[in-house]
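Could you put the whole structure together from the sequences, leaning on the hints where they help?
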Amino acid sequence: MILYIKSSRSNHLLKLNIEPVILLISHFVPVILHIMKLQKLSEAVSGLNNPQRSDQFVRAFRNAVRDEVFDAAEIEGRFELPKEYSRRNSNETYKRQAKEMIFEVTPTYQKWYEEVTLDLNTSKRQKRVKPTLEAYSSGALDFRAAAAATREKMKASEQKGKKLGSSRKKK
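Following the UniProt record's numbering, the numbering of the sequence shown begins with 1 at its first residue and continues without gaps.
Hints in this document: simulated from the structure, not taken from any laboratory.
Glycine included, C-beta positions come from ideal geometry on N, C-alpha and C.
Keep in mind that a hint or two might mislead.
[Claimed, not checked] Dumping the calculated DSS-like pairs for lysine-lysine here, alpha-carbon to alpha-carbon at most 25 Å:
#1 37 to 99
#2 163 to 153
#3 40 to 99
#4 95 to 83
#5 37 to 111
#6 130 to 155
#7 169 to 155
#8 95 to 40
#9 40 to 111
#10 83 to 99
#11 127 to 153
#12 83 to 111
#13 153 to 130
#14 83 to 40
#15 99 to 111
#16 83 to 127
[As the list claims (entries may be wrong)] So the derived label-pair ranges between C-beta atoms look like this:
#17 91 to 164: 43 to 53 Å
#18 100 to 145: 49 to 59 Å
#19 63 to 97: 12 to 22 Å
#20 80 to 115: 21 to 31 Å
#21 131 to 97: 35 to 45 Å
#22 52 to 128: 19 to 29 Å
#23 155 to 63: 45 to 55 Å
#24 127 to 161: 34 to 44 Å
#25 153 to 85: 34 to 44 Å
#26 153 to 68: 44 to 54 Å
#27 76 to 136: 55 to 65 Å
Written out as structure tokens, the structure reads:
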């Protein structure tokens with residue numbers, strides 16, 4: 001294993017072979033050399049199944065780092081999120097950027113990644129069933145509950161009208 005050291009004063013490059021040093025240290029002290037597998041956040045985002053959820057993944061990633069679930073460090077540069085945003089009242093789309101980060105791929109990170117991607121792939125919203133004859137007939141909507149809600153709404157409207165009328169009455 002070769003280590004290059006640059007001198008700050010003379011700008012010379014010093015080449016050191018550190019294998020004998022590691023062997024010497026490992027002989028006297030049991031050392032486990034840990035080789036870190038680092039990955040960029042942009043690489044993790046590109047591996048997502050649903051690119052439209054990439055912004056939520058980045059937000060969850062940054063929250064996990066802040067909450068000390070795993071470690072990550074910001075590096076120079078930004079990357080483009082694959083999610084396409086659309087402007088209001090226009091067909092134009094655009095993309096956003098996020099700060100690039102690196103992190104160590106650990107079992108803790110892999111477990112977190114599995115949970116988050118599973119959560120992002122499931123739909124959280126339930127589709128709103130429109131009140132139609134077919135919806136009530138099929139049982140998708142409860143007719144009795146809808147009738148009670150309609151009755152309450154009509155009573156409240158009537159009471160509001162009576163109150164408004166009585167306040168305008170001449171005394």
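To see whether the hints hold, each was checked on the structure:
| no. | hint | result |
| --- | --- | --- |
| 1 | 37 to 99 | 20 Å, holds |
| 2 | 163 to 153 | 15 Å, holds |
| 3 | 40 to 99 | 11 Å, holds |
| 4 | 95 to 83 | 6 Å, holds |
| 5 | 37 to 111 | 16 Å, holds |
| 6 | 130 to 155 | 23 Å, holds |
| 7 | 169 to 155 | 21 Å, holds |
| 8 | 95 to 40 | 19 Å, holds |
| 9 | 40 to 111 | 17 Å, holds |
| 10 | 83 to 99 | 15 Å, holds |
| 11 | 127 to 153 | 24 Å, holds |
| 12 | 83 to 111 | 24 Å, holds |
| 13 | 153 to 130 | 18 Å, holds |
| 14 | 83 to 40 | 18 Å, holds |
| 15 | 99 to 111 | 23 Å, holds |
| 16 | 83 to 127 | 22 Å, holds |
| 17 | 91 to 164: 43 to 53 Å | 45 Å, holds |
| 18 | 100 to 145: 49 to 59 Å | 51 Å, holds |
| 19 | 63 to 97: 12 to 22 Å | 19 Å, holds |
| 20 | 80 to 115: 21 to 31 Å | 25 Å, holds |
| 21 | 131 to 97: 35 to 45 Å | 43 Å, holds |
| 22 | 52 to 128: 19 to 29 Å | 20 Å, holds |
| 23 | 155 to 63: 45 to 55 Å | 46 Å, holds |
| 24 | 127 to 161: 34 to 44 Å | 35 Å, holds |
| 25 | 153 to 85: 34 to 44 Å | 38 Å, holds |
| 26 | 153 to 68: 44 to 54 Å | 50 Å, holds |
| 27 | 76 to 136: 55 to 65 Å | 60 Å, holds |
Violation of the numbered hints given earlier is absent; every hint is satisfied by the structure.
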